[in-house]
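Participant: Okay, here's what each chain looks like letter by letter:
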Amino acid sequence: MKFSEEFEKRFADMLTHYPTKRSCLVPTLLYAQDEAGYLSDEVIAELAGRLELTELDVRNVISYYSMLTTKPRGQYNVQVCTNIACMLRGGEELLEHCKKKLGIGHKGTTPDGQFSLEEVECIGACSWAPAVQVNYDFHENLTVEKMDKVLAGYQEKK
Amino acid sequence: MADLVSHSDEVKIVSRRFGQGAANLDRYLELDGYKAVQKALSMQPDDIINLVKNSGLRGRGGAGFSTGMKWSFVPKTAPKPKYVLCNGDESEPGTCKDRLIFEHDPHSVIEGVMIAALAVGSQAGYIYIRGEYRYLSNIMQKAIADAYARGFIGKNIFGSGRDLEIYWHGGAGAYEVGEESALMESLEGKRGIPRIRPPFPAVVGLWGGPTVINNAETLASVPHILLGGAEWYAGLGTPKNGGTRLFCLSGNLNKPGVYELPMGYNLKKMIEEVGGGIANGRKLKAVVPGGSSTPVLLPNEIDVAMDFDSVAKAGSMLGSGGVVVLDDTTCMVKFALRTIKFYQHESCGWCIPCREGTDWLKKTLTRFHHGAGQKKDIDNIQYLAENMLGRTFCPLGDAAAMPTIAFVKKFRQEFEDHLDGKPCPYEKNVAEPALA
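Chains as they are written, first to last, in the working numbering: chain C, 1 to 158; chain G, 1001 to 1436.
For reference, chain G alone in the conformation it holds in the complex (with noise of 0.2 Å):
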């Protein structure tokens, strides 16, 4: 439904079978579907998780740990069944990318589940669709459907002896249940609030079983490894970020869209040349370069190749490759509100520093936007935010933390001016040109 973009900068690894009727199990055989996880069949699980780890893929929910690493820590013997589980609990604002591989390739991601639990030695695969994702997930559970009246799935698949079932699930609205253990409570049928590590899903998981849990993304890369090899993909990205990702450029762009870029793009190019640069001719303001949970970058940090480590060393997170691109029009102050405004609403209120810090920096920076704010309230936003940094039991306090210290630290002037009950300077310009 949503509409597809291209750019010839962009390498479709992840994206071939877009636009191609792949969610048609027969058009899917035909484009090399389900070769992978037969020739996973023929490998020791051992040598498929060196193969990923080998390959340098790296979690494209946001944390960007290595995937082979997280599926090498799963005991190879268990009292209880394992699990996998793929994280398509997609909502990260910033973030539409898991969309178009539903919409798109559903069995890519049913094809790299299997390949996790053939890895780890599970019987057993969910894939977790957020509730406002209805027409995918009844695209999945056809899929999935289809898969099974082929004998592609449950006894005995490809005659291999081994038995694998693939579960869809959905969820009904909470940001909070994309982190991996609230994930794993709303799978349970709870309220999704987060689990304390350790122990750590991989030794305990659902229904107390060993689990792996990965973002759909990252599970529908794992088909073209095993197809193409470690060091092909490794060779796509740059060194420790292999492959290739789904980039969704929004905001103030010409040419918003999803495109699959090597990992290491450069973020400029990214904006100038396959976003179209900045609409209606006006000027870059700032950059939120992996959703919204990630530090704002300024106009003259963005010369910056866009892999996990480039961006953390320039300050701010790869995440969930989200580039939420602002003109200069943008209020910033408004901008942190509304950002804040969401980690408050999403906020599961299960740990203090989470709950009321978010709801106290969404009070101030209310009253902020709205002319009464204080200069020492300044300076109270970012020690706030600063005292919820690694006090939670899960990353949503750092989530909200995070973004909020940059949005202040590089836009103090623009706090400034909206001191002494002026109302927003900065508002008129937001109002009139937003849309085209």
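For reference, chain C alone in the conformation it holds in the complex (with noise of 0.2 Å):
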């Protein structure tokens, strides 16, 4: 298994930050798959050896956390919010339309596996709801007609 020369840097880092080495896995864990694309068997086993830990430890911490996947998802991970401020400006309506213009459902990828679209909770967009974030970057006070430029841009980057 190998990551990225960052990652071994932050990693290497982080062991010095905490009593116990087991301390740094949840944001490992998130590194790791951003890098990987999801967490593998393989990226399992991998991070439950260096921190000591059965993979079943690993894989009950994985199973906890909304951000955290054991399964593939599409290159640009389009999270709709549709929690109560987003809902109230139309985030339901935007979901809807994603999963028309995509054709996939929630936690579906499409089959060139460019895109992956999720019903998410509340990301802290409140005030410029609705609010979608594709990966880590937030898109805020859209419309249907905002949405599609953002995600035509993704379909340019490829």
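Because the hints were derived from the structure by calculation, they are not lab data. Treat the hints with care, since some could be wrong.
[Unchecked claim] Stretch by stretch, here's where chain C covers chain G in the computed footprint (C-beta under 8 Å, at least three residues): (1) 1172–1178; (2) 1190–1200; (3) 1212–1221; (4) 1247–1254; (5) 1308–1315.
The C-beta atom is built at its ideal place from N, Cα and C for all residues, glycine as well.
Two chains, each in its own frame: build the complex with the hints.
Facilitator: Pasting the structure below:
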């Protein structure tokens, strides 16, 4: 299992931050997922080994956190918030629009692997609702038209 | 990234460096940065604690507990290291303020953690930022590295002979982790499940050591209190509710945004003037005054001072400062359902009243909204919620139950209008104008 230099540097650094090795697990899982695409058996085994945990320990943690996944997602994970503040300003309509546009449902992935779609809970953009996160990028004050532009932008990026 | 707004009634304390480029350390220093911590180094720990106590600063995460009091609970001597933990797992629906602090003024959080550490005799602080806020974690990681490079944190800070380490940490998606004991579990690399209390974190916290846990906004307020004084800060707000706070206005308003207003600012004025009134010429239907876990207020209940005690007297909570405004096209059954759907999703499942309670509430409300509800369900919803209250390890159970009880009590007619297999009588109003 090979991670980037940046990952290794951060990981080595984090190990010095806590009195127990295990403490760096949650952020490390997310950074590992960002590089590997998802938390595969191989990634889980690797991190369990490094942190002196069982694979079960690691899996128990993964299953708790909503951003962590053991299944591959699309290159761009479109996360539409439909929680109260977004709902009041059209979050549900945005989600429906994305479903139609991408031809996939909640937690689905397009056949070409470019997009995944997810209905998510509050992402902390309530004053700029409705909001969507694509991977880590926030897109706010959206309308259906603006959403189309956002998706088109990622489509071009490939 | 998120747009900044302003209003003439704002009193900018925590937000005074927003939009000023203060994430840059040199710029932060120009704007009085790291002066407060140097002042703290010249003070006795008890004097720092008393100053913060006298300022009337109360926890901005939601509970509103006196910050100075919290710090005073940490034992002077302890067999294990003491820690300060900044809670930046902001995820209460309606709340989006810590985001702006991390983006525009990350060093103020570092400085607040440092001052708290000096006050309680700790040598290490952690700043936990939710996983979704990756760009903010990057800003914070850089801010910490810059402060280390300048020798502001680490060994012998400001030549005082004192060592103080500050670290960043990140989550990976979990509302429950914003609860203080679950936050510690998460930082220790585990599932975010709450711990039973007592012992309280101030005595037994991170890795068994005494731990102070404060919200990011609370900590970012502390340097200003040290420089401006307790009296000045207390005088900005109302009795026992010192200072200002960041109010996140959202929902059907003309000018939603995050505004810093004095504690005790009138809610009606906040909605009508600061938030620019209800959008699209519609009427106000209800307000959720402090994040999704706080009981809803009716239009005739909003002539209230937005401080912890006044909002409590009005039957709700000031909470996390998330003011969600609903116009008259909102279906309250649907709104209640969306609220409970969130808590059902986020319940960690550790204790039964919360796990089962949120699940049954969601099922019952779903049935209701789809027109298959029965009259007895209305009472059932309330009964279920009331039986969750106070019966869970952590406040998530209460956070789900309290607003639910208020929805049923205050909008009973709307629940009754959903009976007898009718389609939702309010739904049609919701869909059409929602997108501006």
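Participant: Taking the earlier hints as the rules, which of them does this structure contradict?
Facilitator: 3, 5
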